[in-house]
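Peer 1: Sequence:
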Amino acid sequence: DLYIGGFEHAAGHLIYFRFITLFLHDHGFLTVQEPAVKLFNHGMVLDEHGDVMSKSKGNAVSPRDLIDANGIDVARIAVLFFAPPGREIRWHKKGLKGAQRFLTRFGALAGEHLANYHGMDANKLQQKDYQFYRIIEETIRSVTIDMDRLDFNTAIASLMELLNHMQGFEQKDAPIFQYAIRKFNLMLAPFAPHLAEEIFSRYASSDSVFHETWPSYDENAIKKEEATIVIQINGKVRSRFMVHIGTDVEVIKKRALEDEKIKKYLSNKEIKKFIYINDKILNIVL
32 DLYIGGFEHA AGHLIYFRFI TLFLHDHGFL TVQEPAVKLF NHGMVLDEHG
82 DVMSKSKGNA VSPRDLIDAN GIDVARIAVL FFAPPGREIR WHKKGLKGAQ
132 RFLTRFGALA GEHLANYHGM DANKLQQKDY QFYRIIEETI RSVTIDMDRL
182 DFNTAIASLM ELLNHMQGFE QKDAPIFQYA IRKFNLMLAP FAPHLAEEIF
232 SRYASSDSVF HETWPSYDEN AIKKEEATIV IQINGKVRSR FMVHIGTDVE
282 VIKKRALEDE KIKKYLSNKE IKKFIYINDK ILNIVL
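Reading the sequence shown from the start, the letters are residues 32 to 317 in our numbering.
Quick caveat, the hints were computed from the structure, so don't treat them as lab data. Note that the Cβ used here is the ideal one computed from N, Cα and C, for glycine as well. There's no promise every hint is true.
No farther apart than 30 Å at their CA atoms in a straight line, the calculated lysine-lysine pairs in the DSSO-like style are these [to be verified]: (1) Lys155 / Lys203; (2) Lys254 / Lys214; (3) Lys255 / Lys285; (4) Lys203 / Lys128; (5) Lys267 / Lys300; (6) Lys214 / Lys128.
Label-pair distances were calculated between CB atoms; the ranges are [as the list claims (entries may be wrong)]: (7) Lys300 / Glu119: 53 to 61 Å; (8) Phe54 / Tyr234: 50 to 58 Å; (9) Glu243 / Gln198: 20 to 28 Å; (10) Gly150 / Lys285: 43 to 51 Å; (11) Glu228 / Gln131: 14 to 22 Å.
Please work from the sequences and hints to get the whole structure.
Peer 2: Laid out in structure tokens, this is it:
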């Protein structure tokens, strides 16, 4: 389905990869002419001076030394978080420290507050807990989309943001917090498999986190309840305010006409018409 390789090998690996497939197709051994559905070229790894890492230049970082010093999970997070996978990344040790802090924070949080969890009913959550639930579901959605796009750096960024919310959540013995730990751990597993497997073994009865299903998200929870209405006068933005989604246009018109920022532009002016785009824009035409 997917072929991943560096663009510098397009005239080497890839040409033979495609040639062999086409040859076998022409001789009736294969039904497909192309060896993969999608090609993705990853970026080059540069050293601290911006030079391409290579064995011949002697500037390549030893994976073994890196793993021995920091652990494989830290190395994976650091490399994937540096930049989008299709762009060049410049190697620096600061990324290792950030990755270490991130994994240490989650490991400590799960280690200290992991408890029994028997499920929960999202519809019965208090408002504060439900807001936290929405953040969790929005993160699952974002990470899922980013994984499909191979945007691993933004997926990790979303996990870091969720971890901040988890640390700030006060009721860490609540079912919603236990729910958050388990969902977070499932999303972390592709990036930091060893830590995720260790934490999983503390709360699950099955043999591996990698036998679990990728988390789904609650679409109802991530639906926006409010929208920002931009108020324009003859196409120029003059004000904006928040309303509940689906608010009647007459209510929005009334609020716009009472807006002090709008009143000064309407003084002694005749309104010809209103142009309204649902939950987005109200344009007052003079």
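Peer 1: Each of the hints needs a verdict: does it hold here or not?
Peer 2: Against the structure, the hints come out as follows:
{"no.": "1", "hint": "Lys155 / Lys203", "result": "holds, 18 Å"}
{"no.": "2", "hint": "Lys254 / Lys214", "result": "holds, 19 Å"}
{"no.": "3", "hint": "Lys255 / Lys285", "result": "holds, 23 Å"}
{"no.": "4", "hint": "Lys203 / Lys128", "result": "holds, 27 Å"}
{"no.": "5", "hint": "Lys267 / Lys300", "result": "holds, 16 Å"}
{"no.": "6", "hint": "Lys214 / Lys128", "result": "holds, 25 Å"}
{"no.": "7", "hint": "Lys300 / Glu119: 53 to 61 Å", "result": "holds, 55 Å"}
{"no.": "8", "hint": "Phe54 / Tyr234: 50 to 58 Å", "result": "holds, 52 Å"}
{"no.": "9", "hint": "Glu243 / Gln198: 20 to 28 Å", "result": "holds, 24 Å"}
{"no.": "10", "hint": "Gly150 / Lys285: 43 to 51 Å", "result": "holds, 45 Å"}
{"no.": "11", "hint": "Glu228 / Gln131: 14 to 22 Å", "result": "holds, 18 Å"}
Comparing the model with each earlier hint shows no violations; every hint is respected.
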